[in-house]
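K.L.:
Full structure from sequences and hints, please.
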Amino acid sequence: MRQAILFVVYVLGALLAQTTLVPLVTRGAFTVDLLMVYVVYLGMRRHTVGAVVAAFLVGYLQDVISGTLYGLNAFATTLVYVAVYRTSRHLWVDNAVSQIFVVGMADTLKHCVVGLVLAFTWGPDQLGSLLGVASWSVLATALCSPIVFAILQRAEEFMTVGGD
Amino acid sequence: MWEFLQRNRVGLVAAVLMGVSLLLLTSSVRTYRNDPLGYLVLEILRPLQGALASGWSTVRGAWEAYIDLVRVREENARLRQRVAELEHQTLRIAEIIETDRRLSELLKFRTHFLGEPQAAMIIGRDAFPGFGTVIISKGEADGVKKGMPVVSSQGVVGRILVASRNSARVLLITDHNSGVDALIQRTRARGIVEGSVDGRCTMKYVPRDEDVAVGDRVITSGLDGIFPKGLLIGEVTHVTRGTRGLLQVAEVRPAAALDRLEEVLVLSPGTRLREETQLEEGQVDEKPAPPRS
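These protein sequence lines map, in sequence, to chains A and B.
Be aware that the first sequence starts at 177, since it is given in the numbering used here, and climbs by one per residue.
Be aware that the second sequence starts at 41, since it is given in the numbering used here, and climbs by one per residue.
No lab work stands behind these hints, which were simulated from the structure alone.
Selected chain A positions facing chain B (Cβ under 7 Å, derived; list incomplete):
#, residue
1, THR196
2, LEU200
3, VAL225
4, VAL228
5, PHE232
6, VAL240
7, ILE241
8, LEU245
9, TYR246
10, GLY247
11, LEU248
12, PHE251
13, THR254
14, VAL258
15, THR297
Okay, the calculated beta carbon distance ranges per label pair:
#, chain 1, residue 1, chain 2, residue 2, range
16, A, VAL201, B, GLU135, 52 to 60 Å
17, A, THR297, B, LEU77, 16 to 24 Å
18, A, ALA205, B, PHE44, 47 to 55 Å
19, A, ARG262, B, TYR79, 31 to 39 Å
20, B, LEU45, A, ARG178, 25 to 33 Å
As the structure is a prediction and not an experimental result, all values here were calculated from the model.
Beta carbons: idealized from backbone N, C-alpha and C, even for Gly.
P.N.:
Below you can see the structure in the form of structure tokens.
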């Protein structure tokens, strides 16, 4: 239940930030994929069916408010979740640098998946420019990830203490 | 089997969800449909997005107003500097125009003389009060010699007291050592215009019975061998005629503004005014003096 509340609050907040605040501040130069950071967080900390569903829902929510293709982000976030989940079972990734690295790789993977799908649907000529635009967003997302991870961790701790 | 499913449930659920995603993707590629969840999310986000956008707009407006203020301040400083520069430039231009006017006047005045008068700038003044001398920018190298008369377009200035190679000192007519043989233009009454320590000029040695009145113009007589005849010295401002004695004294205000002079003409010996100038300018009245009473 606590996880569900955290999911709803975080996802709404992240959607709000991604659709309003970040574009206003950066004037559209790049965006910070806070939902992606959450998926990586789940992949690293929550190895449950609920977490997979949450990753899928995060992607699906992105699909319903951006773009014209349903399932694109849902597919990508689920794939990223699985990749992070598999990685974190073999590697210890729990410091700021490794978080930045993992989130960067995960966001890159997501953009590659999205790019490939778009290349299949729209044609390959859009792939290069998409990855070029995405590179700054990947960097910004990766650099923000330690802060987001800390916030999520604090929120979880707070809810646990509050629940006790 | 159950154990396998239990062990790989996360991966299996993920695979199913990815499959669902691909199905959704495939169907949405063909036709875009409006999802009720999207509608709900948009409705939930709308007031928050509106508030955030409005708040950001306020913050940005305040920030831009501040930036504009800073820019205005910088521009103000820049414009002040520009105004100062332009004022300085205007001053320089006004100075150039004024100098041009004076020099043109001097040049015009120079043509009134037969000979080659030397134009010179006043580059210094006497260091002690009570002495009426100035230093000019021409000296012996330019042909300036001791005793040469110095005039301005307004009237007589003085004569060369001492000349070095490249400059010379001029004894002004207001100096107490100066004396210029002069005439009252109207009546041809003769006298000597002398300076004084207080910087005034007086016309002395005028016979008591001569007609001298306030406002009379005083000109050079040419009899001292220094100044050409007919140059304006000044104007009578006061006449002192005692009850006794043979002479009268007239105070003369110099025509040349000696304390504000900037350029002068140095006349060579033997220089004289052109005759037509004397007549046109009325600097010398050629009419015979009225008979003395």
